[in-house]
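Given the sequences, and given the hints that come with them, work out the whole structure.
Chains as they are written, first to last, in the numbering used here: chain A, 1 to 173; chain B, 1 to 229.
No lab work stands behind these hints, which were simulated from the structure alone. Owing to the predicted nature of the structure, the values given are computational and were not obtained by experimental measurement. Just so it is clear, CB atoms sit at the ideal spot from N, CA and C, and this is done for glycine as well. Some clues are possibly wrong.
Stated by the list, open to error - Residues of chain B clear of chain A, computed beta-carbon distances all greater than 12 Å: (1) K116; (2) T127; (3) V191.
As the list claims (entries may be wrong) - Think about it this way: if two alpha-carbon atoms lie no more than 30 Å apart in a straight line, the pair counts; the simulated DSS-like pairs of lysine-lysine are: (4) B:K173 x A:K161; (5) B:K116 x A:K73; (6) B:K220 x A:K161; (7) A:K161 x B:K84; (8) B:K41 x A:K161; (9) B:K92 x A:K103; (10) B:K92 x A:K153; (11) A:K59 x A:K73; (12) B:K220 x A:K103; (13) A:K73 x B:K84.
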Amino acid sequence: MRALITVGSTRFDELIQAVFSSSVLTSLSNKGYTSIVVQCGDSSFPYDYLLAHGERAFKLEKEGVLIECWRFKPSLQTEYEQANLVISHAGSGTIIDVLRMDKALIVVPNPTLLNNHQEELASVLEKLGHLRSSTTSSLAATIQEFNPSSLTKFPPFDGSKFRNLLDEEMGFI
Amino acid sequence: MWSLAICALVLLVALVFISVHSALSSFKISGGTKATTQNRKLAVFLGSGGHTSEMLAMISSLDFDKYYPRIYIISEGDTLSERKASTLEATKTANSGSTSKHADAYTFLVIPRARKVHQSLLTTPSTALLSLMHCFYHVTLASSYHRKTFADVLLLNGPGTCLTLCLAVYLNKFLGLPSPRTVYIESFARVRTLSLSGKLLRSLVDRFVVQWPQLLEDGKRGECRGWLI
Numbered sequence: 001m002r003a004l005i006t007v008g009s010t011r012f013d014e015l016i017q018a019v020f021s022s023s024v025l026t027s028l029s030n031k032g033y034t035s036i037v038v039q040c041g042d043s044s045f046p047y048d049y050l051l052a053h054g055e056r057a058f059k060l061e062k063e064g065v066l067i068e069c070w071r072f073k074p075s076l077q078t079e080y081e082q083a084n085l086v087i088s089h090a091g092s093g094t095i096i097d098v099l100r101m102d103k104a105l106i107v108v109p110n111p112t113l114l115n116n117h118q119e120e121l122a123s124v125l126e127k128l129g130h131l132r133s134s135t136t137s138s139l140a141a142t143i144q145e146f147n148p149s150s151l152t153k154f155p156p157f158d159g160s161k162f163r164n165l166l167d168e169e170m171g172f173i
Numbered sequence: 001m002w003s004l005a006i007c008a009l010v011l012l013v014a015l016v017f018i019s020v021h022s023a024l025s026s027f028k029i030s031g032g033t034k035a036t037t038q039n040r041k042l043a044v045f046l047g048s049g050g051h052t053s054e055m056l057a058m059i060s061s062l063d064f065d066k067y068y069p070r071i072y073i074i075s076e077g078d079t080l081s082e083r084k085a086s087t088l089e090a091t092k093t094a095n096s097g098s099t100s101k102h103a104d105a106y107t108f109l110v111i112p113r114a115r116k117v118h119q120s121l122l123t124t125p126s127t128a129l130l131s132l133m134h135c136f137y138h139v140t141l142a143s144s145y146h147r148k149t150f151a152d153v154l155l156l157n158g159p160g161t162c163l164t165l166c167l168a169v170y171l172n173k174f175l176g177l178p179s180p181r182t183v184y185i186e187s188f189a190r191v192r193t194l195s196l197s198g199k200l201l202r203s204l205v206d207r208f209v210v211q212w213p214q215l216l217e218d219g220k221r222g223e224c225r226g227w228l229i
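Right under this line is the structure:
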């Protein structure tokens with residue numbers, strides 16, 4: 001199985017550092033994830049020297065997991081499609097994209113962000129059963145106990161609510 | 001700073017003049033709630049990043065044969081939002097068939113940023129004023145001169161620069177000029193606390209819409225119809 005880890009277009013050092021840690025990789029390996037793709041953005045982490053000279057990506061194997069790491073992959077669409085699990089920062093855009101593709105999702109809100117509303121969204125969506133929310137220090141344990149089939153399906157896009165709202169406002173209804 | 005202050009004063013005098021002039025030539029104020037089959041002119045502010053994505057998702061649900069022409073307002077240098085809006089327009093045209101007569105009825109309006117990222121607080125007042133005057137020009141002066149509304153409805157969902165647009169519309173209303181209805185939609189990402197632009201615009205806009213009911217527990221104005229994206 002494959003997992004995709006992304007921090008979007010930002011940086012999130014602690015999450016990428018955790019992903020490259022032995023404990024997280026071992027959990028992934030235990031659960032049957034043999035290859036992962038990482039979009040690390042501008043994060044700094046112990047292996048970032050492999051990207052120091054303008055390289056766009058590197059590959060490496062650790063704890064029985066094949067890792068392909070990109071600063072910024074031109075498109076993540078195929079990666080999302082191929083992934084069985086997505087681990088991401090808690091940006092709302094990424095959350096919606098991933099859940100609309102019916103992918104199992106673990107989010108890690110970035111606690112260093114000022115005015116942290118990522119945490120609010122992550123916890124309310126976890127309560128509704130659409131995803132799991134974790135922290136960098138408990139990520140290994142979350143992966144270990146995570147059961148994707150326990151998630152609640154995220155509702156598809158329903159444009160009628162906004163359309164009705166504006167049609168009413170403009171006198172069409 | 002002095003030259004900006006004088007410009008602002010001249011602008012204000014011009015606005016008062018136009019307001020009297022427009023009152024005499026009996027403008028018809030559009031908007032309102034009467035049932036109609038006429039088209040509506042739609043103005044949409046695209047605030048970049050997640051703001052743009054959410055706004056375009058909502059816009060995609062509209063019937064473009066009712067809402068035209070469409071004006072996409074973007075901040076200077078935000079080419080990504082421009083590209084995304086063009087993509088949506090192309091998709092809508094493709095879906096509605098090539099016979100749609102309003103297929104290409106959209107334009108872009110570029111306004112200067114009120115405050116650039118990392119800009120010093122010292123110079124913010126002057127760039128904010130420049131942005132505000134730009135908005136006044138398009139929303140108030142130009143549309144008054146051409147004797148038609150800038151738009152029937154203006155959709156806003158943050159961030160900061162959308163406040164200057166809202167203030168321009170507010171001035172229009174104050175002067176009795178034809179004005180677009182303003183609708184602010186808070187981001188899906190805001191569950192328990194409003195964004196700064198949400199807090200600022202809550203009492204200024206005609207419709208204040210949130211996507212999580214928790215945000216209305218304070219009993220202040222606003223409405224929630226669930227998730228809009």
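*Does the structure break any of the earlier hints, and which numbers would those be?*
3 and 12
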